[in-house]
Amino acid sequence: MRHIGLHQSLGIELVEIGDGRVTATMPVDERTRQPYGYLHGGASVALAETAASVGTAALIDLEKEVCFGLEINANHVRPKRGGLVTAIAEAVHRGKTTMVWDIRIKDEENRLICISRCTVAIVPKELPSQE
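Numbered continuously in this note's numbering, the sequence shown closes out at residue 209.
Treat the hints with care, since some could be wrong.
[Unchecked claim] Now the in silico label distances, taken between C-beta atoms and shown as ranges: (1) E94 - F146: 18 to 28 Å; (2) Q86 - G173: 21 to 31 Å; (3) G89 - L190: 13 to 23 Å; (4) F146 - E91: 20 to 30 Å; (5) G115 - A136: 32 to 42 Å; (6) K142 - D97: 13 to 23 Å; (7) I82 - A135: 15 to 25 Å; (8) E91 - L140: 20 to 30 Å; (9) P113 - E186: 19 to 29 Å.
[To be verified] Subject to a maximum C-alpha distance of 30 Å in a straight line, what follows is the list of computed DSSO-like cross-link-like pairs (lysine-lysine): (10) K142 - K174; (11) K142 - K203; (12) K174 - K203.
Hint data in this document are derived by calculation from the structure and do not stem from the laboratory. None of these values were measured; they are calculated from a predicted model. Note that beta-carbon positions come from the ideal geometry of N, C-alpha and C, so glycine has one too.
Let the hints inform the model, and build the full structure from the sequences given.
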């Protein structure tokens with residue numbers, strides 16, 4: 079059985095990964111709508127955490143460390159029924175064990191759909207035993 083990640087299931091595309099900044103898009107379609115036809119808040123949160131996690135991964139040593147979402151909150155400020163949303167994630171804190179990201183999700187007209195803050199934990203990678 080082939081594993082498909084959540085980001086693939088939701089149609090999330092990484093557009094740009096920079097130094098402390100990530101841009102990602104997600105369609106508003108049957109995969110990302112709630113039962114009443116609007117963008118599901120959980121899909122917005124998945125987009126936000128994906129952007130923050132990818133941004134953190136780009137800033138750490140993946141040979142020695144791994145990152146995990148630790149905390150996330152979101153305010154859904156405008157509904158959306160179709161089209162595309164774009165997340166722009168910016169690092170606001172770059173620590174050794176955590177990074178904090180501000181993520182703003184906007185529509186095609188640059189209207190704010192969701193604002194989110196995500197804390198990502200950075201932990202040492204468990205290396206295989208040398209025995």
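Hint-by-hint comparison with the structure:
Range check, E94 to F146: Cβ separation about 23 Å, and the 18 to 28 Å hint holds. A C-beta distance of roughly 30 Å is found between Q86 and G173, which places it inside the suggested range of 21 to 31 Å. Checked against the hint of 13 to 23 Å, the C-beta distance between G89 and L190 comes to roughly 21 Å, which is consistent with it. Distance hint for F146 and E91: a CB-CB separation of about 22 Å, consistent with the stated range 20 to 30 Å.
A hinted range of 32 to 42 Å holds for the C-beta pair G115 and A136, which are about 35 Å apart. Remark: the range hint 13 to 23 Å for K142 to D97 is upheld by a beta-carbon distance near 19 Å. Hint check: I82 to A135, Cβ distance near 19 Å, so the stated range 15 to 25 Å holds. Between E91 and L140 the CB atoms are about 21 Å apart, so this pair conforms to the stated range of 20 to 30 Å.
Taking 19 to 29 Å as the suggested C-beta distance range, the pair P113 and E186 conforms, at roughly 24 Å. Taken as a hint, the K142 and K174 pair is honoured in the structure, with Cα atoms around 13 Å apart against an allowance of 30 Å. Between K142 and K203 the CA atoms are separated by roughly 5 Å; this keeps the pair inside 30 Å, and the hint holds. For the given pair, K174 sits about 14 Å from K203 by alpha-carbon distance, which is consistent with the 30 Å threshold.
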